Amino acid sequence: MIAITFTLHPYVGLPYTVRSFMIVIIAGLGNLPGVALSGMGLGVFEEFADYILGTEFRIGATFLLLVLILVYKRFKLSRKREYLI
Amino acid sequence: MTKNRLPFYGIILAFGLAAPFLFPAFKLQISIMWILVVLALTWDVQGGQTGYTSFGNIFFFGIGMYVCAGIQIGLFFPLAEWTASGGEKTFIHAPFQYFQGIFVGLILAGIIPALVAATIGYGVLGLRGQYFGICTLGLGIAAGEIAGGIELIGAGQGMTAPPWPKGIGGIELRSQFFYYLCFILMVATFLFLKWAYKTRFGLVLNAIRDNEDKAEAMGIHTMRYKITGWIVSAFFLGIAGGLMGNMIGYIEPVEIAFAVTTYGVFMILMVMLGGKGTLWGPIIGAMIFHIFKEGFWTFFLGWQYVALGVLIVIIVVFFPEGIMGGLRERYPARFGEVVDEADIKAQVELK
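Protein chains in written order, with numbering that gives the first Met the number 0: chain A, 0 to 84; chain B, 0 to 350.
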């Protein structure tokens with residue numbers, strides 16, 4: 000589907016890998032309805048980032064969101080002295 | 000022990016000092032080799048000694064590169080006009096301005112990444128295992144993409160570092176100047192880390208690698224030590240980045256400055272090849288890796304990444320512990336480990 004819609008080059012893979020990883024991290028491992036919801040949420044976020052920040056920051060915003068989510072989860076868990084493992 | 004090694008250090012120092020005159024054609028390659036040694040040594044502070052597999056240390060390399068070039072230009076000329084003019088050199092540095100700029104630029108290229116590492120360290124270093132790797136990978140790629148969107152530093156088309164000033168020797172002097180800066184940086188990084196690993200700092204990093212929870216339970220503020228380790232890495236990586244940017248002369252966000260998929264991965268491979276968690280491993284690994292890499296680029300052009308991939312597979316299959324790790328397993332007495340002969344005999348009998 001992506002090959003039909005966009006141009007294809009050897010480096011298309013990485014942003015999609017990160018997106019799928021992010022979606023699963025946000026939803027929680029093994030949470031199928033959550034994955035569907037967070038996938039849609041990421042799509043909306045990307046389009047808004049595209050619109051508000053500009054197209055050049057689209058991938059950057061996605062990767063930065065990944066970092067922010069991981070750091071946010073780390074602070075939330077560290078109150079209970081637990082770790083993301 | 001130290002007396003035996005003195006001639007060895009002497010040989011390396013003599014080689015480093017004489018190399019630009021012995022191999023004038025390979026001056027740039029040897030200077031890049033010293034930079035790669037610095038990258039491997041600083042990655043080993045996280046990956047080998049602390050056990051935190053970081054994929055994003057190249058982040059500080061890129062910051063250092065941009066900060067150094069930006070300050071060299073911004074001290075004397077408006078930065079926005081410089082980057083807007085692209086490759087055309089509208090402004091020309093006088094010799095004194097050039098050296099003043101590179102001095103201030105290299106110092107700040109070390110300090111600003113160190114400050115960035117101190118700021119983000121508390122959040123990022125609290126993650127563990129794969130999550131730390133993924134988070135740092137995201138950081139590196141995000142930095143590259145964002146730097147590609149900022150107009151002031153040239154956006155996607157990149158910016159040129161200041162050219163060598165006219166009137167004080169030609170291109171030969173320039174490459175010698177940068178060669179010696181790279182060599183001095185490598186020696187300084189090596190000596191600093193050699194000293195740091197001997198102190199309590201190095202012991203705490205190894206304790207974190209072995210069992211972080213236990214180290215914390217013993218009353219060590221592990222977070223402080225991890226952040227300090229990251230600051231050390233960021234400082235030397237930033238200076239290395241500043242030098243690299245000036246040496247290449249052209250800074251491009253994704254391919255050169257925040258090159259996660261090339262130099263960011265190479266620095267891990269070099270340490271893997273040489274042996275994680277040893278002082279000499281990264282140095283030997285970086286030298287061998289650089290020689291192989293340049294050989295592939297010369298003799299297998301077009302297939303260079305395939306050849307590099309085969310090399311990586313060979314490294315992982317045949318040297319799982321790296322060169323120094325393999326040597327350490329074979330000759331433990333040479334590495335200062337206590338060898339119990341009776342124990343070894345007992346093990347043989349058990350088999």
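Honestly, the hints are just simulated from the structure, not real lab data.
Since this is a predicted model, take the numbers as computed values, not measurements.
One or more hints might be untrue.
Lysine to any residue pairs mimicking SDA-like chemistry, simulated, CA-CA at most 25 Å apart [stated by the list, open to error]:
1. A/LYS75 - B/TYR304
2. A/LYS72 - B/TYR130
3. A/LYS75 - B/GLU80
Taking CB as the label site, the calculated pair distances span [what the hints assert, rightly or not]:
4. B/GLN99 - A/VAL23: 45 to 53 Å
5. B/THR198 - A/LYS79: 27 to 35 Å
6. A/LEU36 - B/LEU151: 34 to 42 Å
7. A/LEU13 - B/PHE25: 31 to 39 Å
8. B/PHE299 - A/LYS79: 30 to 38 Å
9. A/ARG78 - B/ARG199: 44 to 52 Å
10. B/LYS197 - A/TYR71: 32 to 40 Å
11. A/TYR50 - B/ALA79: 43 to 51 Å
12. B/GLN99 - A/TYR71: 39 to 47 Å
13. A/ASN30 - B/GLU80: 51 to 59 Å
14. A/LEU36 - B/ASN210: 34 to 42 Å
15. A/GLY29 - B/ILE10: 28 to 36 Å
Coverage of chain A stretches by chain B, computed from C-beta distances (three or more under 8 Å per stretch; other residues unrestricted) [what the hints assert, rightly or not]:
16. 30–38
17. 67–75
From the three backbone atoms N, C-alpha and C, an ideal C-beta is built for every residue, glycine too.
Okay, the hints, checked on the actual structure:
Distance check on the hinted pair: A/LYS75 and B/TYR304 sit about 41 Å apart at the alpha-carbon level, beyond 25 Å; violated. With a C-alpha separation of about 11 Å, the suggested pair A/LYS72 and B/TYR130 falls inside the 25 Å cut-off, and the hint holds. The hinted pair formed by A/LYS75 and B/GLU80 fails the criterion: a straight-line CA distance of about 45 Å is larger than 25 Å. Between B/GLN99 and A/VAL23 the CB atoms are about 51 Å apart, so this pair conforms to the stated range of 45 to 53 Å.
The hinted range of 27 to 35 Å is satisfied by B/THR198 and A/LYS79, whose Cβ atoms lie roughly 34 Å apart. At roughly 38 Å, the beta-carbon separation of A/LEU36 and B/LEU151 lies within the given 34 to 42 Å, and the hint holds. Range check, A/LEU13 to B/PHE25: about 34 Å between beta-carbon atoms, so the 31 to 39 Å window is met. In this structure the supplied range 30 to 38 Å is violated for B/PHE299 paired with A/LYS79, their Cβ-Cβ distance being about 53 Å.
Distance hint for A/ARG78 and B/ARG199: a CB-CB separation of about 29 Å, inconsistent with the stated range 44 to 52 Å. Range check, B/LYS197 to A/TYR71: Cβ separation about 38 Å, and the 32 to 40 Å hint holds. At about 26 Å, the beta-carbon gap between A/TYR50 and B/ALA79 misses the expected band of 43 to 51 Å. In this structure, B/GLN99 and A/TYR71 meet the distance hint of 39 to 47 Å, their C-beta atoms being roughly 43 Å apart.
Distance hint check: the CB atoms of A/ASN30 and B/GLU80 are about 53 Å apart, consistent with the given range 51 to 59 Å. Our hint of 34 to 42 Å for A/LEU36 and B/ASN210 holds, since their Cβ atoms are close to 38 Å apart. The hinted window of 28 to 36 Å between A/GLY29 and B/ILE10 is violated, with their beta carbons roughly 58 Å apart. Coverage of the segment 30–38 of chain A by chain B is violated [criterion: at least 3 residues with CB-CB distance below 8 Å; count 0].
Judged by the Cβ-Cβ criterion of 8 Å, the segment 67–75 of chain A is covered by chain B as claimed, because 4 of its residues qualify and three suffice.
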